[in-house]
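All chains, please: the whole structure from these sequences, using the hints.
First to last, the sequence lines map onto chains A and B.
Using this note's numbering, you'd call the opening residue of the first sequence number 3 and step up by one each time.
Using this note's numbering, you'd call the opening residue of the second sequence number 3 and step up by one each time.
Simulated from the structure, these hints should not be mistaken for lab results.
Wrong hints could be hidden among the right ones.
For chains that are exact copies, the list does not tell them apart, and a pair is met inside one copy or across any two.
Straight-line alpha carbon distances no greater than 30 Å define the calculated BS3-like cross-link-like pairs of lysine-lysine that follow [said to hold, decoys possible]:
id, residue 1, residue 2
1, 118, 219
2, 422, 202
3, 135, 422
4, 39, 71
5, 422, 39
6, 135, 351
7, 136, 351
2 protein chains.
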Amino acid sequence: MPPSLPSHSAVSRAAAAIPALARSASTSAGTAVTPNKPPPNKDHLINTYPAEAFPSGFQVASTHSGIKKKAGVLDLGILVSTSETSCSAAACMTRNVFKAAPVTVTSELLRNSNGKARGFIINSGCANAVTGKKGLEDAWSMSNTTTSNLPQTNKDNESTLVMSTGVIGQHLPIDKILGQIPNLIKNLDSSPKSWLDLSKSFMTTDTFPKLRCRSFKLNDKEIKLVGIDKGAGMIAPSMGPPQQPHATLLGVIATDISINSNDLQNALNYAVDRSFNNITVDGDMSTNDTILCLANGAAPGQQKEITEKENPKEFSIFKEELRSFAEELAQLVVRDGEGATKFVTIRVKGAPSYEIANAVAKSVANSSLFKTAMYGEDANWGRILCAVGYAPLEPNPISPNQVSVTFIPSSNLSNKEPLKLLINGEPHPNIDEERASEILKEEDLEIEIDLGNGQEESKVWTCDFSHEYVTINGSVSSRSDLSWFP
Amino acid sequence: MPPSLPSHSAVSRAAAAIPALARSASTSAGTAVTPNKPPPNKDHLINTYPAEAFPSGFQVASTHSGIKKKAGVLDLGILVSTSETSCSAAACMTRNVFKAAPVTVTSELLRNSNGKARGFIINSGCANAVTGKKGLEDAWSMSNTTTSNLPQTNKDNESTLVMSTGVIGQHLPIDKILGQIPNLIKNLDSSPKSWLDLSKSFMTTDTFPKLRCRSFKLNDKEIKLVGIDKGAGMIAPSMGPPQQPHATLLGVIATDISINSNDLQNALNYAVDRSFNNITVDGDMSTNDTILCLANGAAPGQQKEITEKENPKEFSIFKEELRSFAEELAQLVVRDGEGATKFVTIRVKGAPSYEIANAVAKSVANSSLFKTAMYGEDANWGRILCAVGYAPLEPNPISPNQVSVTFIPSSNLSNKEPLKLLINGEPHPNIDEERASEILKEEDLEIEIDLGNGQEESKVWTCDFSHEYVTINGSVSSRSDLSWFP
Numbered sequence: 003m004p005p006s007l008p009s010h011s012a013v014s015r016a017a018a019a020i021p022a023l024a025r026s027a028s029t030s031a032g033t034a035v036t037p038n039k040p041p042p043n044k045d046h047l048i049n050t051y052p053a054e055a056f057p058s059g060f061q062v063a064s065t066h067s068g069i070k071k072k073a074g075v076l077d078l079g080i081l082v083s084t085s086e087t088s089c090s091a092a093a094c095m096t097r098n099v100f101k102a103a104p105v106t107v108t109s110e111l112l113r114n115s116n117g118k119a120r121g122f123i124i125n126s127g128c129a130n131a132v133t134g135k136k137g138l139e140d141a142w143s144m145s146n147t148t149t150s151n152l153p154q155t156n157k158d159n160e161s162t163l164v165m166s167t168g169v170i171g172q173h174l175p176i177d178k179i180l181g182q183i184p185n186l187i188k189n190l191d192s193s194p195k196s197w198l199d200l201s202k203s204f205m206t207t208d209t210f211p212k213l214r215c216r217s218f219k220l221n222d223k224e225i226k227l228v229g230i231d232k233g234a235g236m237i238a239p240s241m242g243p244p245q246q247p248h249a250t251l252l253g254v255i256a257t258d259i260s261i262n263s264n265d266l267q268n269a270l271n272y273a274v275d276r277s278f279n280n281i282t283v284d285g286d287m288s289t290n291d292t293i294l295c296l297a298n299g300a301a302p303g304q305q306k307e308i309t310e311k312e313n314p315k316e317f318s319i320f321k322e323e324l325r326s327f328a329e330e331l332a333q334l335v336v337r338d339g340e341g342a343t344k345f346v347t348i349r350v351k352g353a354p355s356y357e358i359a360n361a362v363a364k365s366v367a368n369s370s371l372f373k374t375a376m377y378g379e380d381a382n383w384g385r386i387l388c389a390v391g392y393a394p395l396e397p398n399p400i401s402p403n404q405v406s407v408t409f410i411p412s413s414n415l416s417n418k419e420p421l422k423l424l425i426n427g428e429p430h431p432n433i434d435e436e437r438a439s440e441i442l443k444e445e446d447l448e449i450e451i452d453l454g455n456g457q458e459e460s461k462v463w464t465c466d467f468s469h470e471y472v473t474i475n476g477s478v479s480s481r482s483d484l485s486w487f488p
Numbered sequence: 003m004p005p006s007l008p009s010h011s012a013v014s015r016a017a018a019a020i021p022a023l024a025r026s027a028s029t030s031a032g033t034a035v036t037p038n039k040p041p042p043n044k045d046h047l048i049n050t051y052p053a054e055a056f057p058s059g060f061q062v063a064s065t066h067s068g069i070k071k072k073a074g075v076l077d078l079g080i081l082v083s084t085s086e087t088s089c090s091a092a093a094c095m096t097r098n099v100f101k102a103a104p105v106t107v108t109s110e111l112l113r114n115s116n117g118k119a120r121g122f123i124i125n126s127g128c129a130n131a132v133t134g135k136k137g138l139e140d141a142w143s144m145s146n147t148t149t150s151n152l153p154q155t156n157k158d159n160e161s162t163l164v165m166s167t168g169v170i171g172q173h174l175p176i177d178k179i180l181g182q183i184p185n186l187i188k189n190l191d192s193s194p195k196s197w198l199d200l201s202k203s204f205m206t207t208d209t210f211p212k213l214r215c216r217s218f219k220l221n222d223k224e225i226k227l228v229g230i231d232k233g234a235g236m237i238a239p240s241m242g243p244p245q246q247p248h249a250t251l252l253g254v255i256a257t258d259i260s261i262n263s264n265d266l267q268n269a270l271n272y273a274v275d276r277s278f279n280n281i282t283v284d285g286d287m288s289t290n291d292t293i294l295c296l297a298n299g300a301a302p303g304q305q306k307e308i309t310e311k312e313n314p315k316e317f318s319i320f321k322e323e324l325r326s327f328a329e330e331l332a333q334l335v336v337r338d339g340e341g342a343t344k345f346v347t348i349r350v351k352g353a354p355s356y357e358i359a360n361a362v363a364k365s366v367a368n369s370s371l372f373k374t375a376m377y378g379e380d381a382n383w384g385r386i387l388c389a390v391g392y393a394p395l396e397p398n399p400i401s402p403n404q405v406s407v408t409f410i411p412s413s414n415l416s417n418k419e420p421l422k423l424l425i426n427g428e429p430h431p432n433i434d435e436e437r438a439s440e441i442l443k444e445e446d447l448e449i450e451i452d453l454g455n456g457q458e459e460s461k462v463w464t465c466d467f468s469h470e471y472v473t474i475n476g477s478v479s480s481r482s483d484l485s486w487f488p
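Okay, structure coming up:
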């Protein structure tokens, strides 16, 4: 599918990226990190697509409403389904106890509508979190004002979902927002530029807009998906269905497949657990994390709603496409992690269960000492083992003398031979320092940890911990305009 | 007690330190952090004591054995009990799955001797962790060579415990170490300089040696304690009795009280759970963490060993003194946290249980976003709530509309009035920005989080996250000589 080629080449880079580190802990030579080594430019990750790449039956618009100070910066956007068929909607939201108002309102809207929606409205610059009663009123009026300004339909249970991201503890400039809604609706269209602008209206500390398209065949019919997400800091999502909301991660996947709401929710839960819930930038789970999925059934030639019960084959094809697409979108957030200079895949295999593999991978992925070692391009496997060793497991199935650690070279390098550092709990007698160093210089790294105690595995994606991260988050001024909250 | 006055004034500063932050999340004004703001000088935390401040019946010595590259830097030390009465010994050690060889050996020595020891030998610069069979042989020879070179006694079950700290995955230069042991034993004495030198031989990335003395009265007899510890990074201890070892934190408390070994272990478990296990620098639990406690009964005028069963009153006095002393020693590690510019006390009150209060406090104390905000002197209570909201609690007893957050001014400031930022889940309508800013400039901070749902509380001590932390841990060269591992 040509239109989504750029994103596919991107994802295959990411997926196949089998990077590694350099210089074993046993080296004595060493070079200091250049202070404030700047993160690489991310512009090559901005994808654009022709009109035919986007799913049918959706229109979008965005504008500058004045939430963000800088004139002209997009901070408000809407997406609307124009399909004749009703639009199924599902969401996974933060499990943080302090749920932002838009999280609460979107959950209630989905419950009231039994998983139907007209579309969503999003603002950036202010999270509408910890804003008490007025925060809830503001979130409700964003939703209701949008719905009531849209052309009437006979699907009166279809409402407008709402998302916010930005600083915590501030009230929205609600009059500015409501004042822009008629204007937004007037400008709705489905042009590639409008889709890219919508993705820009999601941004806070993001350095590039995150927009991806892909398509797949289902019974010879082409189904299209578009995905937008944002996030750079306060990224360690744990999201579940609306009943148990948790987010500084915001994302939406819109598709023109026709699918039953409950099955869409099940497919989204499966996809989010294996994608967005397996990324971390700083280990901080936000108050607003939300991933929406809208399926409007507008793809030509579809007979009736897919259900898992009646169409198990079609459902599982869609579920896997959704997981793979969610993984691509989730990895973009890690690549744009605040101050990130590295993209690190932690693969834990040989575990008795997926949950154990996942807990060990997250323990390493969130270790400050490991992440600063990545920044220093330092193959400090001691820090990796240390983090494996304190993963919260009760009972703990890890036997130190069964654990192996291997750095697998980036696909960019000619020599694809894995570099073993630890074998069954014993350090490799003589590590090829030069090769390790060459491997570690790559932006992409993969670290394989084999627990030697089972057949299950899990992958988690993380970035490094840089001077720039401290500059971004240790600076009061960074909070005053484009806050990453949350 | 004049000798320990300096340390008491230090601890009362620390204990009474009720600091706070500045600038609420609702401010729009902001000032950027000066890049690489250097940590304050810590020399004022170096205490010296006269000979009479140290407990009776202990001798110490230290030397440069060549583990650390820099000539003359102390990297090997021993402590020996010279008391006629037998020396009770207890330990709390890392729960990390990857226990370093000295942790395993010390655990076995304590089991074999039923909690008796002659003393200990310690090296810094190399952790002897993840070093396989040879690592265990090396740890055993450090212990056995020391014991066999000491004057014979009739207490043949009293062996020499062993501790190591430094880089992971390297073998000890064991010949250099063993070659120095006779020399060390020849130089044993109890002079204040030798005690200070011993504390220097513990150091890795520490910026100052950590030595404290105190004494207390027990039935009109004076009992003395000396404490030494080290640690600056890989600090998030969770230590239990030898059966379940876990450390980059190393510490020893030697006292001349006479107490039964089992009761000494129980007192140490109680003290460590409320002190060393409640500090964090970077959330990384090390492979070597060890706290030893030696009680040689050499204090004049003691009749017989104290036991909890027969001397409940005396035992509880000792237990509380030990807890308070361990708290003082633990706080020194946080004050010397890698790159630390702030000392932050997180007090969670109004909790249904100590465990819940402790889990919430640790969630905040380990949040990268919270710690960088402290570095930026930014009263970003949104990040505090966020971390409260993702504390791992099942079931979760926290009701957002019952949670209050207050910054309590440092005792150094004239205005002692607490500064409320969040009251029952609602932001304070108008925070005094100037006062918040004044409060946050102090090095010491206390943040009070009231869950409004019970009577229990817990305190955790943490530091900020600075550019300097990244420089220290993102630099390969920092690992090549004085490694903080572990």
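Enumerated hints in conflict with the structure, sorted upward: Hint 2 alone not satisfied by this model.
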